[in-house]
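S.K.: Sequences and hints are given; from them, build the entire structure.
Each chain, letter by letter, is given below.
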Amino acid sequence: MLKLNERPIPANDPIANPEQKMLIDQILEANKHTPGATMVILNELQSKIGFVSEAMQQYVAEQLHVPLSRVHGVISFYSFFTTSPRGRHTIKFCMGTACYVGGMPQLIEKAKQVLGIEPGQTTPDGNITLEVCRCVGACSQAPVLVLDETIAGRVRPNKLPQLIRPLQEDGKAKE
Amino acid sequence: MKYYRTHVLVCTDPECRAKGAYEIMDALQDELVAQGLIDEIQVLETPRIGDCDQGPELLVYPDAVHYANLTPDDIPYIVEEHFLKGRIAQKFVVQETAAADEELRAPTPKEVRVVLRNCGKIDPENIEDYIAEDGYMALAKVMTEMTPEQVIDEVGRSGLRGRGGAGFPAAKKWQLCRQVADNPKYIICNADEGDPGAFMNRRVLEGDPHSVIEGMIIAAYAIGASQGYIYCRAEYPIAVRTLRIAIQQAREMGFLGKNIFESDFSFDLEVRVGAGAFVCGEETALIASIEGRRGEPRPRPPFPAQKGVWGKPTSNNNVETYANVPQIILKGASWFASMGTEKSKGTKTFALAGDLKHTGLIEVPLGITLREIVYEVGGGIKDDKGFKAIQTGGPMGGCLPAEYLDMPVDYESLAAAGSMMGSGGMVVMDEETCMVDIARFFMEFTQDESCGKCTPCRVGTRRLLEILERICNGEGQDGDIELLEKLSQEIRTNSLCGLGQGAPNPVISTLKHFRHEYEAHIYEHRCPAKVCKALIRYEILPEFCTGCTVCARNCPVNAISGERRQTHHIDPDVCVRCGICMQVCNFNAIVIR
Chain A
401 MLKLNERPIP ANDPIANPEQ KMLIDQILEA NKHTPGATMV ILNELQSKIG
451 FVSEAMQQYV AEQLHVPLSR VHGVISFYSF FTTSPRGRHT IKFCMGTACY
501 VGGMPQLIEK AKQVLGIEPG QTTPDGNITL EVCRCVGACS QAPVLVLDET
551 IAGRVRPNKL PQLIRPLQED GKAKE
Chain B
7 MKYYRTHVLV CTDPECRAKG AYEIMDALQD ELVAQGLIDE IQVLETPRIG
57 DCDQGPELLV YPDAVHYANL TPDDIPYIVE EHFLKGRIAQ KFVVQETAAA
107 DEELRAPTPK EVRVVLRNCG KIDPENIEDY IAEDGYMALA KVMTEMTPEQ
157 VIDEVGRSGL RGRGGAGFPA AKKWQLCRQV ADNPKYIICN ADEGDPGAFM
207 NRRVLEGDPH SVIEGMIIAA YAIGASQGYI YCRAEYPIAV RTLRIAIQQA
257 REMGFLGKNI FESDFSFDLE VRVGAGAFVC GEETALIASI EGRRGEPRPR
307 PPFPAQKGVW GKPTSNNNVE TYANVPQIIL KGASWFASMG TEKSKGTKTF
357 ALAGDLKHTG LIEVPLGITL REIVYEVGGG IKDDKGFKAI QTGGPMGGCL
407 PAEYLDMPVD YESLAAAGSM MGSGGMVVMD EETCMVDIAR FFMEFTQDES
457 CGKCTPCRVG TRRLLEILER ICNGEGQDGD IELLEKLSQE IRTNSLCGLG
507 QGAPNPVIST LKHFRHEYEA HIYEHRCPAK VCKALIRYEI LPEFCTGCTV
557 CARNCPVNAI SGERRQTHHI DPDVCVRCGI CMQVCNFNAI VIR
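The listed protein sequences correspond, in order, to chains A and B.
With the working numbering applied, the first sequence corresponds to residues 401 to 575, in that order.
With the working numbering applied, the second sequence corresponds to residues 7 to 599, in that order.
By construction, these hints were calculated from the structure, which means they are not laboratory data.
Looking from chain B toward chain A, a few residues come up when the C-beta cut is under 8 angstroms (computed):
| hint | residue |
| --- | --- |
| 1 | Pro20 |
| 2 | Glu21 |
| 3 | Ala24 |
| 4 | Arg300 |
| 5 | Ala359 |
| 6 | Asn560 |
| 7 | Gly585 |
This structure is a prediction, so every number in the text was calculated from the model and none was measured.
Backbone N, C-alpha and C define an ideal beta-carbon position, used for all residues, glycine too.
M.R.: Listed below in structure tokens is the structure:
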């Protein structure tokens, strides 16, 4: 069996892409010497690259001189980190108390019907990822959806399709 | 400081951003440049002008005019009328009655604004705005007139207790940390506001970040700390950005850095961002996370005051606690202690949410009753439905029924009633809420957020959830209630940290106050609030159904059949009880049995 660091790096991995590799190195260089660097670096990678692949974790561990288990332990502990790419667009359903009481289960039901996927999944064309998230703190607008970075409040199930449509059309345009 | 004759505040809350607040800001900038007014009129971002229902909206000062329901096309008109000709653009003005502006208007009579006093009034990204509101005066007083002991004494006499939930006296915590003969010392601001339904700290960080920073510098001086961390949750990107700008400005002004006020006291601050783990609100987990590790709590002692970040003495307080400190120094301990009850002094911010007429942020003196909060500040229950319960203290808190409405809100009373102060979320539930389902909802949350380090919490919350799920599914068994009680007690006494110890609280409190609902589910296979899917079915009333087909078209599983203009019918075997049909029906023809 191959040791972890001998596994081939997949061709589509950010580590194998010169542009992204440069970004990764920049992030590492800027934060390497900060106390408690692991979290800071992984947070940066997650937000700039969009995910932290296995090869990236391996690379970070090597550069920081910490065991891979430590890096992977952090990745698997915090819900913000993902290890595979997400869709071009993300729709998050706020599952705070106010949103839950305000009818979020019905909204999720409707989204499943419109997109044909479950929360946590990405549409087959790689366009939209559905996610259930923790309270985003816009409780007075419950129930709340986060479409990429924008918040949509007081969403009713029958209004959901028209909210999603621009994202869907963007996906079609990119194809 | 540059002088502007007029300030325009644009609300850039998430809600208003969604409605195009930034487009409005761009249009304003463009138009002001075009009219040559850009040096006279300043455009600022601010959180929450109104309740964002009428967004995008803006406020014009010093005229105190509130414009709402704007589109970028309206901006040239407003600029020409108001800023060029000096006439208020009446057609966009929100009348005072409709403004619903809980934070810029005079607070409702029951409220006192201490922590929230600057929110929405000043530009959070401009330190001079804060200084104009007596900002950093308290720091100047501390640095030039007071010894660290005097600071601790003053805060001690004010009676300020931790606003993060547990209510430990702030000055005592500082004293403990100061006494430890180990250096360097650290202080932490816990801005990991993870309780669902709570957003008080977000508002303070986004609207008045310098009040927190000033409070932290004063605390650091009192303790003798040289480095501070603000640990902010990743879900609050705007708060993180605002904080980083504010810290940079404070550094440029010499409030942070080496030899503050030419003394030998040096202190600097850094923002650390979480990554979506609720347990990191627990102080030892938070410390682990700052150190770059998995956010798992550890047993105490040693307390962070002895061994915290990097094994050094560390003092940790909540955002709101720090924001109170400058005011206490400026106005004196006795002023602060004049508000509140004997043991709970000062004011507290709460985030009102749920089935209320007026939801949003409030700040009230401690000792106010729940009834005053729900009916006077919150305006009562939406649609004039009946009050069922108020949930305080977040997922580790409890649900209190109507009998507790006249209870004063303070640390001891809430704890005695089986709930807790928590960080300040308050969710009001009307009679259409199933309390078993609510207990299940919270347990799903804590079960998911349990870090897994200790068994009572990791396994116990899972078992609690399974029992609650089967009760909600109509498969509850005789003895389930007793099992829930026994398991809850065991988890409470044996868990390592506050998350595990508090996790059974929603179950314990709903069992105590709404036991009959559990019994109805288990023994009568009935959900009294008509929420639990397995115990209800949807029906169409033929006398109201017009055959408009809206329900059939919206049904996700095609369970509704019927010809146009004919009474429709729901197939109970296909129906998934999502309730969409009931929401979309315009004729109230769909009922739950």
